[in-house]
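Protein chains: 2
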Amino acid sequence: MPIIVQKYGGSSVENIEKIKNVAKRIAECKKEGFDLVVVVSAMGKTTDYLIDMAHQISDTPKKREMDVLMATGEQVSISLLSIALNEIGVAAISFTGPQLGIKTEGYHTKSRIAEINKNIILDAINKGKVVIVAGFQGVNEKNEITTLGRGGSDTTAVAIAAKLGCPCEIYTDVDGIYTIDPRLYPSARKLEVISYEEMLELASSGAGVIHTRAVELAEIYNVPVTVALNTGNIKGTIIKELDETMEKTAITGLAVDNNEAMITLNGVPHDIKIIADIFSKIAKLDINIDMISQTTPVNKLVSISFTLPKNDLSQAISILEQYKKEIFTFSYETFDNITKLSVIGIGMKSQSGVASKMFEILAENDIAVHIITTSEIKISYVINPEDQKKAIEAVAREYNL
Amino acid sequence: MPIIVQKYGGSSVENIEKIKNVAKRIAECKKEGFDLVVVVSAMGKTTDYLIDMAHQISDTPKKREMDVLMATGEQVSISLLSIALNEIGVAAISFTGPQLGIKTEGYHTKSRIAEINKNIILDAINKGKVVIVAGFQGVNEKNEITTLGRGGSDTTAVAIAAKLGCPCEIYTDVDGIYTIDPRLYPSARKLEVISYEEMLELASSGAGVIHTRAVELAEIYNVPVTVALNTGNIKGTIIKELDETMEKTAITGLAVDNNEAMITLNGVPHDIKIIADIFSKIAKLDINIDMISQTTPVNKLVSISFTLPKNDLSQAISILEQYKKEIFTFSYETFDNITKLSVIGIGMKSQSGVASKMFEILAENDIAVHIITTSEIKISYVINPEDQKKAIEAVAREYNL
Chain L
1 MPIIVQKYGG SSVENIEKIK NVAKRIAECK KEGFDLVVVV SAMGKTTDYL IDMAHQISDT
61 PKKREMDVLM ATGEQVSISL LSIALNEIGV AAISFTGPQL GIKTEGYHTK SRIAEINKNI
121 ILDAINKGKV VIVAGFQGVN EKNEITTLGR GGSDTTAVAI AAKLGCPCEI YTDVDGIYTI
181 DPRLYPSARK LEVISYEEML ELASSGAGVI HTRAVELAEI YNVPVTVALN TGNIKGTIIK
241 ELDETMEKTA ITGLAVDNNE AMITLNGVPH DIKIIADIFS KIAKLDINID MISQTTPVNK
301 LVSISFTLPK NDLSQAISIL EQYKKEIFTF SYETFDNITK LSVIGIGMKS QSGVASKMFE
361 ILAENDIAVH IITTSEIKIS YVINPEDQKK AIEAVAREYN L
Chain Y
1 MPIIVQKYGG SSVENIEKIK NVAKRIAECK KEGFDLVVVV SAMGKTTDYL IDMAHQISDT
61 PKKREMDVLM ATGEQVSISL LSIALNEIGV AAISFTGPQL GIKTEGYHTK SRIAEINKNI
121 ILDAINKGKV VIVAGFQGVN EKNEITTLGR GGSDTTAVAI AAKLGCPCEI YTDVDGIYTI
181 DPRLYPSARK LEVISYEEML ELASSGAGVI HTRAVELAEI YNVPVTVALN TGNIKGTIIK
241 ELDETMEKTA ITGLAVDNNE AMITLNGVPH DIKIIADIFS KIAKLDINID MISQTTPVNK
301 LVSISFTLPK NDLSQAISIL EQYKKEIFTF SYETFDNITK LSVIGIGMKS QSGVASKMFE
361 ILAENDIAVH IITTSEIKIS YVINPEDQKK AIEAVAREYN L
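Protein sequences appear in the order of chains L and Y. If you count the first sequence from 1, position 394 lands on 394 in the working numbering, and the numbers rise without skipping. If you count the second sequence from 1, position 355 lands on 355 in the working numbering, and the numbers rise without skipping.
Heads up, some of the hints might be wrong.
[Stated by the list, open to error] Computed cross-link-like contacts, DSS-like style, restricted to lysine-lysine with a CA-CA straight-line distance of at most 25 angstroms:
(1) L/K45 x Y/K18
(2) L/K63 x Y/K142
(3) Y/K63 x L/K63
(4) Y/K129 x L/K142
(5) L/K129 x Y/K63
(6) Y/K142 x L/K127
FYI, nobody ran anything at the bench for these hints, they're computed from the structure.
Using the sequences plus the hints, can you model the full thing?
In structure tokens form, the structure reads like this:
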């Protein structure tokens, strides 16, 4: 029988009733003739609750121990779902990440999957069992429990599908991928299909439906991933490899990110060594700089604007204060209230003029743009938050999003 | 440095404050110059909560999955205690049962420890770390998570102490072993020391302070076990091998069990085959029969009384109803409200007349006795519950308990 990997997120298993419903859905899929591997997250807000307990004890809990702690959340879910399946006559067996030989590399609380023992899964399937897997967790070379970072259950599901060479279905509390987050733009369209590249750019630009690393992995191993509502009765969105010439419109989707801040550096000497020095000092603090734009030099001085996560703003400022003392022309301004708007479309590869068209739209609507960056399939703009609604509506109208 | 195994039960780690207190206590012991292996139970009522969730899904949840579920309780405790220790500057590392190579045999939810990998413990100790171990759990030969049954954390602690050849301290919410449960007899004395044999008989006669299997294991490997209050500032009771001649009194302690029922069979043919058949049918239902007494035959018919757990009474009755049809002389009476009183003392081995003295005491106080059984160091009586208080006081007075 064909195998499908399904993943149910925390909101799909947040209480006993919902776990029973997931069991019923799995029973139906089994009846339709599929063998199933089911990856589950921790129940509802369990992970937050566990983290909160640790933080009541320490502001900097050992990450090794955080992994031991957090891994219990998924372990509870797999046992309860397995009990629920067996109760309705569907043979099921649960496995923790370590039990399934999900070997990981890298650091505690943000490990990466290195290997999965597919024989354990196939043995259980051959015995007619639904295989229930704890998402988000694995074991490192020292036999320590590890976790994959928030949203890591998506990655577990895609990695297993890649290993088994089968499709993956991610069930969540939204019914698919939309051109724009429907909470921001209620008349947004649901996409039937989206390419890996576009989904990656959307996910990394603030659209939180699916974990970025899961999409990367799906692209590498060419795993078709369906994102759908956990009730299973509404058609979701398929993420897969797409031929760009099949696309009709230049822009597939629009993402909004309100978690970034912007810093503008003025009076920076036009010397690549100095500029590199500033950014490398910031990078050493593990601050992820996103958009950067630099003006042309005037009197051998340039201005540089860049965005960074809001939470990291104060740390970055401490670096910049040092340069103020060393370079007499240097000053900086911070903007902790900005909106990053990204338009994404694989069609941009073949259709030119998207950037200029976008400028036109923004100009027509009196929307000031602070930074622009472009990649092959994405253009991002930093605008003022008060222009966000107007900008979304103008772009959505123009590109029929 | 000498090693000590300490065990903290669920009430000692029931909330974050108590976990911090346990960490402080461990830090003090470390300062006093001990290396420590600390076994912890699940926080407070966690195990009950987990079992309740499973029972909301199924009346007969798969035992394999119950073990996966219940094992999470101790895993949460070990990580939080390790975080708490590291927070106050005491290097610590946590291990689940499977991580520590606690190999088990037997059935899910009531497995027995077969082997422990002491090298993992010693390696961590040699690195200067306090080793935190999840009690109650292990892993079987199929790499499945197993648990040891309620109270199994005591067994984990004693098994590790046996393996390391070191003493074991069980910290709990009572400050030691008393001659009589102080809730039943407030002026009971705390014992400084008690023999393994006596503790085993006390534990199996209804004194619930420490897990029977832990005492058995301690006796086999001659591990001295201290039972004390989790605040650590009150001297507890040491359970160890005792030379009976050192004892002064015949009776060390008195245990009361109100969880048993009694059945009296009348008109049973004095035929060992029939009697064996009745008890083997009851045993097949996994009903644990405790005390048995049989009258001398009258007209080739005997009466037999026995005790069994109250919960099993209705099952046993279903068996007896069959015999009523087959044997015309046969009838039975049930008594679901009885008190089992056991007096225990290693001194009985050398001092005769304890049983007759006890009869005297009970007779003087007008206490009716339904069954008596004796072992080398224990005499148990079934009496009416309304006589319980009077009987305890009379025995305690006579033997200075």
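We went through each hint and held it up to the structure:
Note on L/K45 and Y/K18: the hinted pairing holds, with a Cα-Cα distance of about 24 angstroms set against a maximum of 25 angstroms. With a C-alpha separation of about 29 angstroms, the suggested pair L/K63 and Y/K142 falls outside the 25 angstroms cut-off, and the hint is violated. Our distance criterion of 25 angstroms between C-alpha atoms is broken by Y/K63 and L/K63, whose separation comes to about 32 angstroms. Taken as a hint, the Y/K129 and L/K142 pair is honoured in the structure, with Cα atoms around 16 angstroms apart against an allowance of 25 angstroms.
Straight-line distance between C-alpha atoms of L/K129 and Y/K63 comes to about 16 angstroms, which keeps the hinted pair within the 25 angstroms bound. For the given pair, Y/K142 sits about 15 angstroms from L/K127 by alpha-carbon distance, which is consistent with the 25 angstroms threshold.
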